[in-house]
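Participant: Using the numbering used here, you'd call the opening residue of the sequence shown number 1 and step up by one each time.
Hints in this document: simulated from the structure, not taken from any laboratory.
Be aware that a few hints might be false.
Straight line, CA to CA, 30 Å or less: simulated DSBU-like cross-link-like pairs of lysine-lysine [claimed, not checked]:
#1 K31 with K45
#2 K102 with K55
#3 K174 with K226
#4 K40 with K7
#5 K55 with K31
#6 K180 with K55
#7 K7 with K102
#8 K33 with K14
#9 K29 with K45
#10 K14 with K31
#11 K174 with K102
#12 K45 with K33
#13 K55 with K33
#14 K180 with K226
#15 K14 with K179
#16 K7 with K29
#17 K180 with K102
#18 K179 with K226
#19 K180 with K45
#20 K102 with K33
#21 K31 with K226
#22 K179 with K102
#23 K14 with K40
#24 K102 with K31
#25 K7 with K33
#26 K14 with K226
#27 K174 with K14
Pair ranges (Cβ atoms, derived) [as the list claims (entries may be wrong)]:
#28 T206 with Y47: 35 to 41 Å
#29 K102 with R225: 30 to 36 Å
#30 Q207 with V4: 29 to 35 Å
#31 T206 with P80: 19 to 25 Å
Heads up, the beta-carbon is just placed ideally off N, CA and C, and yes, glycines get one too.
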Amino acid sequence: IEQVFAKSDRYGLKVILQHYDTYEADFEKHKHKYAQWFEKIRPFKPYLINTQTGKDFFSLQQNLEIVDIAGRFSIENNIPLAHETHRNKFSFSCHTTFEYLKAAPGILLTLDISHWVNVAESFLEDQEEAVDLALSRTAHIHSRVGYPEGPQIPDPRDPQWSHAVEAHCNWWDKIVAQKKREDPSGVITITPEFGPYPYMINLPLTQQPIANQWDVNLHMMHLLRKRYQS
1 IEQVFAKSDR YGLKVILQHY DTYEADFEKH KHKYAQWFEK IRPFKPYLIN
51 TQTGKDFFSL QQNLEIVDIA GRFSIENNIP LAHETHRNKF SFSCHTTFEY
101 LKAAPGILLT LDISHWVNVA ESFLEDQEEA VDLALSRTAH IHSRVGYPEG
151 PQIPDPRDPQ WSHAVEAHCN WWDKIVAQKK REDPSGVITI TPEFGPYPYM
201 INLPLTQQPI ANQWDVNLHM MHLLRKRYQS
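All chains should be built: construct the whole structure from the sequences, respecting the hints.
Facilitator: As structure tokens, this is what we get:
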């Protein structure tokens with residue numbers, strides 16, 4: 001972490017810190033290790049903290065206890081924090097996250113809606129109320145594009161995936177429009193997050209990726225800059 005912040009200072013970069021690595025299935029051990037991670041980063045001042053939080057099999061109350069650890073740290077240190085929508089975490093699905101957002105009005109999201117598309121095996125057409133609440137509580141966007149049978153399409157440049165790309169862009173459009181209404185001169189942060197294998201499918205037998213991950217993420221960056229920069 002020290003090296004990351006030293007280099008970010010050197011090059012004038014803002015850092016979004018990522019938490020993902022609390023895996024314990026036992027609730028008390030999980031909560032303790034999660035709290036330890038925040039103590040580890042206390043000396044640093046990132047632009048934003050993005051956290052993959054809790055477990056899909058913890059109860060609502062248990063996950064809210066974990067969310068509260070993050071919330072207290074955010075307030076005490078004046079660092080914005082968002083919980084990433086992600087399979088295996090409290091926010092693994094649209095319909096369950098809806099309940100958390102209603103129960104805890106302070107929860108903000110890093111919206112990686114590709115996971116919800118995969119979990120629901122749909123483009124969430126029948127969950128508009130839950131989706132709209134999530135969009136209204138989004139602080140940061142992960143612009144991975146999912147489809148009903150997986151969390152990442154092979155290549156957003158391929159016309160056969162245009163429906164999936166447009167569905168995600170329509171959701172992001174709503175977030176950006178809201179942010180511009182709230183603060184016309186504000187900053188909207190987006191991470192193009194097309195990942196390597198196993199998110200990126202390998203070609204059979206060759207173990208070669210089906211597309212160039214760097215090129216795909218550059219494509220998403222340019223697409224979104226063109227769409228949203230004014």
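Participant: All the hints need checking, so say for each whether the structure fits it.
Facilitator: Hint-by-hint comparison with the structure:
no.: 1; hint: K31 with K45; in the structure: 23 Å, holds
no.: 2; hint: K102 with K55; in the structure: 18 Å, holds
no.: 3; hint: K174 with K226; in the structure: 16 Å, holds
no.: 4; hint: K40 with K7; in the structure: 19 Å, holds
no.: 5; hint: K55 with K31; in the structure: 11 Å, holds
no.: 6; hint: K180 with K55; in the structure: 33 Å, violated
no.: 7; hint: K7 with K102; in the structure: 39 Å, violated
no.: 8; hint: K33 with K14; in the structure: 26 Å, holds
no.: 9; hint: K29 with K45; in the structure: 26 Å, holds
no.: 10; hint: K14 with K31; in the structure: 28 Å, holds
no.: 11; hint: K174 with K102; in the structure: 20 Å, holds
no.: 12; hint: K45 with K33; in the structure: 21 Å, holds
no.: 13; hint: K55 with K33; in the structure: 13 Å, holds
no.: 14; hint: K180 with K226; in the structure: 16 Å, holds
no.: 15; hint: K14 with K179; in the structure: 20 Å, holds
no.: 16; hint: K7 with K29; in the structure: 33 Å, violated
no.: 17; hint: K180 with K102; in the structure: 24 Å, holds
no.: 18; hint: K179 with K226; in the structure: 17 Å, holds
no.: 19; hint: K180 with K45; in the structure: 25 Å, holds
no.: 20; hint: K102 with K33; in the structure: 26 Å, holds
no.: 21; hint: K31 with K226; in the structure: 42 Å, violated
no.: 22; hint: K179 with K102; in the structure: 21 Å, holds
no.: 23; hint: K14 with K40; in the structure: 19 Å, holds
no.: 24; hint: K102 with K31; in the structure: 22 Å, holds
no.: 25; hint: K7 with K33; in the structure: 27 Å, holds
no.: 26; hint: K14 with K226; in the structure: 22 Å, holds
no.: 27; hint: K174 with K14; in the structure: 25 Å, holds
no.: 28; hint: T206 with Y47: 35 to 41 Å; in the structure: 39 Å, holds
no.: 29; hint: K102 with R225: 30 to 36 Å; in the structure: 34 Å, holds
no.: 30; hint: Q207 with V4: 29 to 35 Å; in the structure: 30 Å, holds
no.: 31; hint: T206 with P80: 19 to 25 Å; in the structure: 43 Å, violated
Hint compliance for this structure: hints 6, 7, 16, 21, 31 are broken, all remaining hints hold.
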